[in-house]
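Q: Protein chains in written order, with my numbering: chain P, 1 to 409; chain X, 410 to 676.
Mixed in with the good hints, there may be bad ones.
What the hints assert, rightly or not - Listed next, with one range per pair, are the computed distances between beta-carbon atoms: (1) ILE329(P) to GLY525(X): 20 to 30 Å; (2) ILE329(P) to LEU555(X): 48 to 58 Å; (3) ARG665(X) to THR170(P): 27 to 37 Å; (4) ARG528(X) to HIS9(P): 56 to 66 Å.
To be clear, the hints were calculated from the coordinates, so they are not data collected in a lab. Cβ atoms here follow ideal geometry from the backbone N, Cα and C, with glycine treated the same way.
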Amino acid sequence: MTIDSSPTHLRDETGPFFGEFGGRFMPESLIAALDELSAAYDDAKADPEFHRELAELHRTYTGRPSIITEVPRFAEHAGGARILLKREDLNHTGSHKICNVLGQALIAKRIGKTRLIAETGAGQHGVATATAAALFGMECVVYMGEVDTERQALNVARMRLLGAEVIPVTTGTRTLKDALNEAFRDWVANVENTHYLLGTVAGPHPFPVMVRDFVKIIGEEARQQVIDMTGALPDAVVACVGGGSNAIGIFHAFLDDPDVALHGYEAGGDGVDTLRHAASITMGRPGVLHGSRSIMLQDEDGQTVDSHSISAGLDYPGVGPEHAWLASIGRATYTPVTDAAAMQAFRLLCQTEGIIPAIESAHALAGAIQLGRTLGEKATILINLSGRGDKDVETAGAYFGVLDAGAGA
Amino acid sequence: MTAAGVIESPVASAIEASRRSRAGALIGYLPVGFPSLDESIDAAVALVENGVDVLELGIPYSDPVMDGPVIQKATQASLDAGFRLRDAFTAVEKIRARVDAPVLLMTYWNPVVQYGVARFADDLRSAGGAGLITPDLTVDSGADWLTESDRTGLDRVFLAAPTSTEERLRLAVENSRGFVYTVSTMGTTGARAELGLAAEKLVGRLRSVGSTSACVGIGVSTADQIADILGYADGAIVGSALVRALAEDGVDGVARLAAQLATGTGR
Numbered sequence: 001m002t003i004d005s006s007p008t009h010l011r012d013e014t015g016p017f018f019g020e021f022g023g024r025f026m027p028e029s030l031i032a033a034l035d036e037l038s039a040a041y042d043d044a045k046a047d048p049e050f051h052r053e054l055a056e057l058h059r060t061y062t063g064r065p066s067i068i069t070e071v072p073r074f075a076e077h078a079g080g081a082r083i084l085l086k087r088e089d090l091n092h093t094g095s096h097k098i099c100n101v102l103g104q105a106l107i108a109k110r111i112g113k114t115r116l117i118a119e120t121g122a123g124q125h126g127v128a129t130a131t132a133a134a135l136f137g138m139e140c141v142v143y144m145g146e147v148d149t150e151r152q153a154l155n156v157a158r159m160r161l162l163g164a165e166v167i168p169v170t171t172g173t174r175t176l177k178d179a180l181n182e183a184f185r186d187w188v189a190n191v192e193n194t195h196y197l198l199g200t201v202a203g204p205h206p207f208p209v210m211v212r213d214f215v216k217i218i219g220e221e222a223r224q225q226v227i228d229m230t231g232a233l234p235d236a237v238v239a240c241v242g243g244g245s246n247a248i249g250i251f252h253a254f255l256d257d258p259d260v261a262l263h264g265y266e267a268g269g270d271g272v273d274t275l276r277h278a279a280s281i282t283m284g285r286p287g288v289l290h291g292s293r294s295i296m297l298q299d300e301d302g303q304t305v306d307s308h309s310i311s312a313g314l315d316y317p318g319v320g321p322e323h324a325w326l327a328s329i330g331r332a333t334y335t336p337v338t339d340a341a342a343m344q345a346f347r348l349l350c351q352t353e354g355i356i357p358a359i360e361s362a363h364a365l366a367g368a369i370q371l372g373r374t375l376g377e378k379a380t381i382l383i384n385l386s387g388r389g390d391k392d393v394e395t396a397g398a399y400f401g402v403l404d405a406g407a408g409a
Numbered sequence: 410m411t412a413a414g415v416i417e418s419p420v421a422s423a424i425e426a427s428r429r430s431r432a433g434a435l436i437g438y439l440p441v442g443f444p445s446l447d448e449s450i451d452a453a454v455a456l457v458e459n460g461v462d463v464l465e466l467g468i469p470y471s472d473p474v475m476d477g478p479v480i481q482k483a484t485q486a487s488l489d490a491g492f493r494l495r496d497a498f499t500a501v502e503k504i505r506a507r508v509d510a511p512v513l514l515m516t517y518w519n520p521v522v523q524y525g526v527a528r529f530a531d532d533l534r535s536a537g538g539a540g541l542i543t544p545d546l547t548v549d550s551g552a553d554w555l556t557e558s559d560r561t562g563l564d565r566v567f568l569a570a571p572t573s574t575e576e577r578l579r580l581a582v583e584n585s586r587g588f589v590y591t592v593s594t595m596g597t598t599g600a601r602a603e604l605g606l607a608a609e610k611l612v613g614r615l616r617s618v619g620s621t622s623a624c625v626g627i628g629v630s631t632a633d634q635i636a637d638i639l640g641y642a643d644g645a646i647v648g649s650a651l652v653r654a655l656a657e658d659g660v661d662g663v664a665r666l667a668a669q670l671a672t673g674t675g676r
């Protein structure tokens with residue numbers, strides 16, 4: 001074994017802290033469960049049988065590796081840059097969320113838990129968790145903000161069809177952050193038989209690291225696929241950022257490639273000059289929320305501020321600690337994209353390439369349009385198309401006024 | 410001897426005094442600013458006048474993961490009415506001017522981080538507060554609070570849970586000053602008809618690692634439960650039941666409930 005003197009092995013961070021971010025700020029009642037989870041995860045990580053089982057599930061159930069699609073007609077609107085989509089939208093259940101869910105469900109099985117609980121915003125993580133619970137024969141309860149159950153009614157029905165119980169959360173702002181609070185409360189009361197299958201790279205240690213490890217397959221596949229296609233690394237890698245799981249999933253493999261720019265696009269809502277946005281890194285400051293120190297939208301007293309995005313999956317006032325760290329050291333750049341810009345990019349991809357993206361992923365597409373115009377036609381941009389837009393047809397249909405009278409809401 | 414043992418604790422003294430004269434201490438929780446700042450102060454004073462030995466004032470927070478529906482609703486109402494952190498220091502100061510019982514603040518950690526841990530400790534000290542109960546800050550994540558509470562001589566109450574390992578119970582006992590908050594049952598705050606045996610077992614485990622001040626909270630709502638708890642612990646903590654009485658019957662109602670609960674201490 002050789003010792004590399006290079007100080008920049010950004011990929012090697014395993015927590016609990018990423019720089020000043022991360023840690024474990026949780027009620028004592030949950031510490032034993034977090035310790036148990038950390039130990040089980042370390043054990044699984046070292047067990048070839050675990051990796052074999054997860055890889056087999058991905059091959060035969062998720063549909064991995066996901067393909068890369070080049071989108072030249074879309075790219076004409078992005079300065080002529082070469083644009084490649086990593087098609088996580090084609091995964092079983094329709095988004096990248098299944099990667100994390102299958103990994104954690106296998107861990108839950110290893111430690112003998114029989115009940116999975118989850119929070120969900122857009123419903124993608126809830127659907128993925130309900131799917132895994134059905135596959136492994138486990139009980140499943142999904143907490144979803146009441147506001148989100150209304151704007152993502154189709155995903156609520158999907159979860160119920162899969163046998164999960166969906167509990168609308170009516171406390172606080174009735175969105176994703178409150179769904180996390182309710183899931184933590186459930187976990188405190190039922191920790192003996194229950195695994196909290198947290199859906200993003202936030203929360204207390206070991207969640208940010210463990211979830212990152214389960215989604216980093218996205219970037220590992222894509223890095224090789226892009227090299228095979230183009231003979232080189234991409235100039236930029238682009239993703240939308242809510243809690244940050246799809247973004248860390250595609251960024252991670254490139255962290256130690258200094259020539260590859262990493263761009264995260266946050267939900268700018270009505271604009272960051274208004275109060276209606278979810279641009280945590282752009283407009284927030286460091287603090288403690290949902291068990292870790294990161295960057296979040298908050299008032300002077302440290303009360304979490306309501307976020308807004310047309311995309312339920314990005315409507316979260318915090319972000320995972322690894323992103324806060326990557327922003328603080330300048331390795332990744334985070335920029336807000338408004339609802340309006342995201343929806344224009346959404347329609348553009350539909351009409352130029354025949355792909356209906358999730359509105360979350362449309363934020364990455366909008367960011368790539370701006371970035372492509374800056375980088376010019378020689379650049380290659382890799383975008384994580386984190387999910388498909390089936391769940392968003394009603395929202396987008398209403399937004400663009402294409403629902404026939406009587407057919408819509 | 411740890412630092413926690415050499416600084417005099419007003420809360421530990423109050424609990425000890427109640428142990429000498431009665432079965433033990435009654436600790437009462439109310440959130441600041443509910444239903445209004447003035448009424449929350451009057452209600453806290455009424456608790457002490459009706460037999461509560463130690464006050465626990467809750468700082469309303471947007472994301473209270475340890476709290477059940479009754480306290481969530483009250484703290485959200487306080488936030489909606491415009492609660493600011495400085496109101497907590499005002500409340501402590503005004504309560505201390507009227508009654509002698511020690512006053513702890515119960516707070517989630519982010520408001521303290523944003524205020525500045527040192528500044529928070531100084532201002533709480535100046536207001537006459539006794540210290541902090543920190544439901545989402547454990548000893549192993551609380552280095553800066555350990556430092557600042559030692560510097561200012563404030564009490565610090567950490568939690569112990571039925572699932573805590575021996576090693577973690579020892580950590581909580583050695584670093585708490587005032588008392589160890591013994592979580593009676595796995596779950597969030599809120600009245601429960603039955604408390605079960607978990608609390609008694611946990612207090613026994615805390616004693617075996619050296620605790621001299623263990624108070625039991627979560628789910629406690631009746632004088633009978635208090636009398637039962639004080640058979641093995643040093644104090645009993647009541648929250649949601651008091652908040653509900655304040656919400657439904659005002660300051661007079663919460664005063665009546667406090668007097669009734671205090672009979673459980675042998676008053």
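Q: Could you work out which of the previously given hints the structure breaks and list their numbers from low to high?
A: The structure breaks hints 2 and 4; every other hint is satisfied.
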